[in-house]
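With these hints in hand, go ahead and build the complete structure from the sequences.
Number of protein chains: 2
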Amino acid sequence: MGKITVQRIFLGFLLQLIGLCAADLNRLNIWPMPVSVQYGHQSLYLSKEFVLKTEGTKYADASGILKDGFSRLLDVVEAAHVIELNYSHFDPSLLLQGIHVVILSPNDELQHGVDESYKLLVPMNRKPVYAHLEAQTVYGALHGLQTFSQCCQFNFTSRVIEVRQVPWTIIDQPRFSYRGLLIDTSRHYQPLPMIKRVIDSMVYAKLNVLHWHIVDSQSFPLEIPSYPKIWDGAYSIAERYTMADAAEIVRQVTYSCFSCYAQRRGINVLAEIDVPGHALSWGTGYPSLWPSKDCKEPLDVSNEFTFKVIDGILSDFSKVFKYRFIHLGGDEVNTSCWTTTPHIRNWLKQRGFNESEAYQYFVLRAQDIALSHGYEIVNWEETFNNFGNKLSRKTVVHNWLGGGVAKQVVAAGLRCIVSNQDKWYLDHLDTTWQEFYMNEPLTNITDPKQQKLLIGGEVCMWGEHIDGSDIEQTIWPRAAAAADLSFGLFCHLDVERLWTPYDKLAKDPRQITARLAHFRCLLNQRGVAAAPLAGPGRVAPEEPGSCYMQ
Amino acid sequence: MGKITVQRIFLGFLLQLIGLCAADLNRLNIWPMPVSVQYGHQSLYLSKEFVLKTEGTKYADASGILKDGFSRLLDVVEAAHVIELNYSHFDPSLLLQGIHVVILSPNDELQHGVDESYKLLVPMNRKPVYAHLEAQTVYGALHGLQTFSQCCQFNFTSRVIEVRQVPWTIIDQPRFSYRGLLIDTSRHYQPLPMIKRVIDSMVYAKLNVLHWHIVDSQSFPLEIPSYPKIWDGAYSIAERYTMADAAEIVRQVTYSCFSCYAQRRGINVLAEIDVPGHALSWGTGYPSLWPSKDCKEPLDVSNEFTFKVIDGILSDFSKVFKYRFIHLGGDEVNTSCWTTTPHIRNWLKQRGFNESEAYQYFVLRAQDIALSHGYEIVNWEETFNNFGNKLSRKTVVHNWLGGGVAKQVVAAGLRCIVSNQDKWYLDHLDTTWQEFYMNEPLTNITDPKQQKLLIGGEVCMWGEHIDGSDIEQTIWPRAAAAADLSFGLFCHLDVERLWTPYDKLAKDPRQITARLAHFRCLLNQRGVAAAPLAGPGRVAPEEPGSCYMQ
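Protein sequences, first through last, are from chains A and B.
Everything in the first sequence is counted per full-length UniProt numbering, starting at 1 for the first residue and increasing by one.
Everything in the second sequence is counted per full-length UniProt numbering, starting at 1 for the first residue and increasing by one.
Hints are computed from structural coordinates only; laboratory data are not their basis.
Hints are not guaranteed to be accurate.
Just so you know, same-sequence chains aren't split out, so a pair can sit in one copy or run between any two.
[Unchecked claim] With a cut-off of at most 20 Å between alpha-carbon atoms, the simulated SDA-like pairs for lysine to any residue come out as follows:
no., residue 1, residue 2
1, Lys229, Ser546
2, Lys349, Met124
3, Lys407, Thr446
4, Lys58, Pro193
5, Lys196, Ala79
6, Lys229, Thr242
7, Lys58, Glu435
8, Lys390, Leu52
9, Lys48, Thr242
10, Lys196, Phe307
11, Lys48, Ala244
12, Lys229, Leu280
13, Lys407, Phe176
14, Lys67, Leu52
15, Lys296, Gly545
16, Lys196, Ile83
17, Lys407, Thr513
18, Lys229, Thr157
19, Lys127, Gln350
In structure tokens, the structure reads:
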């Protein structure tokens with residue numbers, strides 16, 4: 001029996017470090033790697049009537065989140081090949097009759113910090129045989145179902161789904177509570193079905209935050225009921241999202257919502273409006289938001305209407321985007337339009353503001369508006385770099401410029417998300433999956449209290465060269481490398497990472513290549529266009545060969 | 001009211017040429033362009049309970065092909081945005097209550113030459129209002145539903161699905177009965193869900209033959225029950241298809257088949273085994289098929305076992321692949337292993353064969369085997385080029401080397417499929433969609449009897465650099481350019497193409513750019529990763545911008 005064990009607090013219990021990584025670890029093909037895995041060498045087979053059992057669970061599943069998750073589990077494990085239903089020659093004790101899910105919390109509110117832990121057992125020699133999944137919340141249970149799906153594979157001899165390496169005992173929880181992927185629907189519009197496909201694929205890698213960079217200078221695709229002309233800034237009338245579309249992506253609130261796609265899959269949606277820069281498209285519908293017709297961004301800091309619009313947007317957002325955080329951008333603000341436009345120059349003079357103070361004024365006022373709508377705030381790191389001590393204490397600073405700022409952010413007592421562009425920007429095609437994998441968010445952060453302020457990381461799929469044709473293969477498999485680091489962790493690295501200075505950590509991702517290749521082939525089997533590992537991002541296969549070797 | 005009319009025989013009636021292309025043709029965004037279109041300037045809206053009516057139809061739909069096609073119609077038109085069900089402010093006379101489908105043939109056998117014509121009417125001012133679709137077969141009706149789906153779009157004001165340009169009168173049928181797309185699962189394995197996605201996208205462009213180049217030198221992924229070791233030539237145990245998987249793709253016969261994917265969508269599957277070259281992988285399981293261990297292809301012409309295996313394969317195929325044709329390859333045969341291997345050299349000597357005669361012997365014997373299993377044969381053009389007058393009269397010659405051979409093939413009284421590599425090979429990334437569009441299969445073929453022997457064309461997605469990550473955006477949108485040519489035809493070209501010598505035809509595809517861009521954006525909306533038009537194949541968007549402009 002193989003064994004991976006990592007000292008980790010789980011469900012309130014301190015698990016003891018009972019062994020180092022076993023040599024046969026490479027035979028495990030679960031991605032991301034769970035915290036603790038024990039497994040054997042026997043096989044069970046999914047019964048024809050593989051069922052979901054929920055006796056003893058405290059979660060009523062009125063909204064069908066668990067039931068639908070179970071149904072998707074069956075869909076993905078059965079999609080790769082036709083099951084030929086000839087169970088007569090099976091010893092009934094080898095048939096797994098179902099999975100028994102026990103959820104301890106009746107609550108299915110999805111929010112930052114929700115308990116995502118789970119414990120999965122696949123025992124032998126019970127009659128009848130059921131897998132057993134225990135979780136605090138339904139979202140932990142969804143992760144457990146996802147892990148279970150990765151223990152399943154089609155057996156070409158028996159023609160049914162086999163669960164290999166039984167018995168399994170898997171104990172798991174995320175290392176970071178924020179495991180994000182940014183998509184950008186301003187540089188290119190992404191149709192709703194494409195966004196749903198991205199969400200599906202995030203589920204497979206246990207990412208849990210879709211950071212939706214909705215709007216930027218190039219286009220404003222989203223309906224804002226309070227300011228109905230603002231989506232005149234869309235590329236075309238077709239390339240728009242209604243607020244009901246947004247609700248469909250996120251969850252049901254006041255809008256009709258047929259599937260509430262992300263929430264039902266355990267994925268929070270972090271909506272962003274990037275102000276005061278990156279907002280040129282706002283002025284198509286409301287030109288007074290521009291400093292002038294010749295100088296169109298940043299938003300006019302001197303105009304009260306600017307803040308009224310932000311307030312209207314966040315008011316509308318608060319009905320749909322229920323994640324605790326809203327992203328207010330704040331990066332790359334070139335204030336020259338403010339000083340070259342007479343009425344703004346006068347305003348600055350009256351207030352006694354220089355450009356930098358006006359930028360601070362804008363960001364802090366936008367923060368106040370967000371706070372008034374009940375949001376905590378995420379801002380890109382320039383806000384911290386320029387006036388970190390003025391930011392609301394409810395700010396999460398979003399690193400992007402490079403390594404290093406995270407340490408300063410948490411030392412200042414603020415929370416931080418890591419997305420350093422040299423390692424975690426997916427549009428940087430020359431950044432390899434190995435570099436994604438080796439990017440350690442906690443670099444040089446050793447104080448456990450400060451480590452807790454580092455709430456996670458995010459890989460960013462900026463959309464300048466990304467549309468519906470190339471988003472999947474640019475995201476995957478590199479985003480998965482970050483997911484492994486931020487959900488589970490390859491044991492060898494993990495054990496050391498918790499105690500060992502960063503510069504002494506193992507730095508060889510070769511030991512996980514086969515497992516990542518397996519995961520990318522699994523994504524292909526599930527219809528996700530994940531690219532080969534060999535080469536830079538979005539590379540085509542170099543030559544004929546097996547998926548597992550490319 | 002706009003008008004496109006083309007003189008064309010349809011449903012037994014000679015339609016009169018009643019007008020030239022109208023200037024407002026560009027406002028039509030149907031792909032491929034139907035034979036005849038009349039449309040207006042009013043709008044209807046899909047009712048909340050948009051239904052399928054079949055009164056008066058002679059087709060019982062026992063297998064649910066029509067019902068499922070209707071259900072997919074609703075899925076694709078409703079996928080792009082959330083319908084907000086507030087019909088109260090609609091004039092009931094503007095609500096389209098459903099589509100009334102009348103199918104004249106009770107038979108749903110899918111086969112080469114099946115009647116694919118349809119007539120679609122969307123009238124105004126009837127109470128209650130129904131669209132009307134008439135077709136000879138259920139497969140014509142599926143095309144009609146596809147066309148109808150392209151007349152639908154989400155209306156951002158009323159928040160429901162709008163049918164614009166009503167009243168519609170569309171009369172349509174394919175120009176060619178064979179409209180193919182080749183996929184290659186030997187150079188890279190394509191998981192079942194990926195093949196299904198390709199089939200879905202073919203439906204949108206009204207392509208009707210999936211040419212499945214199953215096996216080649218690199219790998220043999222398909223189970224052959226008669227020779228159970230032959231899929232030892234697969235890349236890995238996971239990268240294989242069971243015969244039940246194949247049946248699932250094609251249709252239900254003796255194997256279990258849950259969805260019989262292609263047939264239910266009106267798509268024939270042309271299976272290929274490419275002999276005697278391109279068959280190295282056969283010998284992994286049966287090494288005696290190789291001339292020797294040092295010289296592994298072509299298949300050993302002197303070994304009776306070689307033909308027994310071909311017979312076994314085609315016997316197994318005949319239970320699953322029910323298309324009239326089987327593809328036997330026959331291209332790029334380098335016979336040097338036959339002359340350098342002593343036992344084959346001796347055999348040639350005994351028979352008095354030179355290499356070329358041995359190649360002919362092999363191909364004709366394989367043809368005889370195929371004929372004995374009830375198949376007609378497709379062979380790559382080298383067979384015709386070398387011994388065309390010896391080929392079975394049931395041969396369809398598959399052009400690939402370049403233009404020109406088609407004229408000779410049909411002059412010799414054989415049928416031909418056009419895939420000249422300089423224009424219709426999708427793996428040639430530098431071939432633009434314009435070149436795909438301008439490739440005329442009937443070049444220099446003027447005799448109407450000979451024109452009929454040209455049964456169609458096929459675009460080829462060879463798999464050396466294609467796997468699950470890049471197949472869709474390499475196929476689309478360029479394959480659509482060929483589809484427009486071989487199903488409907490842009491009226492301006494079509495009218496002329498039927499009467500005018502090829503060298504006098506309009507050669508400017510610019511007039512259809514906007515319509516093709518619209519179709520590629522539609523594919524994106526339906527979750528198909530079709531690439532931008534601007535640039536070579538599989539190009540990423542060059543810069544931020546609207547889908548419709550890239």
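So, going through the hints one by one against the coordinates:
{"no.": "1", "hint": "Lys229 to Ser546", "result": "between (52 Å within a copy, 19 Å between copies)"}
{"no.": "2", "hint": "Lys349 to Met124", "result": "neither (77 Å within a copy, 64 Å between copies)"}
{"no.": "3", "hint": "Lys407 to Thr446", "result": "within (9 Å within a copy, 77 Å between copies)"}
{"no.": "4", "hint": "Lys58 to Pro193", "result": "neither (34 Å within a copy, 36 Å between copies)"}
{"no.": "5", "hint": "Lys196 to Ala79", "result": "both (18 Å within a copy, 10 Å between copies)"}
{"no.": "6", "hint": "Lys229 to Thr242", "result": "within (13 Å within a copy, 56 Å between copies)"}
{"no.": "7", "hint": "Lys58 to Glu435", "result": "neither (43 Å within a copy, 63 Å between copies)"}
{"no.": "8", "hint": "Lys390 to Leu52", "result": "neither (52 Å within a copy, 63 Å between copies)"}
{"no.": "9", "hint": "Lys48 to Thr242", "result": "between (42 Å within a copy, 19 Å between copies)"}
{"no.": "10", "hint": "Lys196 to Phe307", "result": "neither (32 Å within a copy, 50 Å between copies)"}
{"no.": "11", "hint": "Lys48 to Ala244", "result": "between (39 Å within a copy, 17 Å between copies)"}
{"no.": "12", "hint": "Lys229 to Leu280", "result": "within (14 Å within a copy, 64 Å between copies)"}
{"no.": "13", "hint": "Lys407 to Phe176", "result": "within (16 Å within a copy, 66 Å between copies)"}
{"no.": "14", "hint": "Lys67 to Leu52", "result": "within (8 Å within a copy, 30 Å between copies)"}
{"no.": "15", "hint": "Lys296 to Gly545", "result": "between (52 Å within a copy, 18 Å between copies)"}
{"no.": "16", "hint": "Lys196 to Ile83", "result": "between (27 Å within a copy, 17 Å between copies)"}
{"no.": "17", "hint": "Lys407 to Thr513", "result": "neither (30 Å within a copy, 52 Å between copies)"}
{"no.": "18", "hint": "Lys229 to Thr157", "result": "between (61 Å within a copy, 13 Å between copies)"}
{"no.": "19", "hint": "Lys127 to Gln350", "result": "neither (81 Å within a copy, 68 Å between copies)"}
Violated hints, listed in ascending order, are 2, 4, 7, 8, 10, 17 and 19; each of the other numbered hints is respected by the structure.
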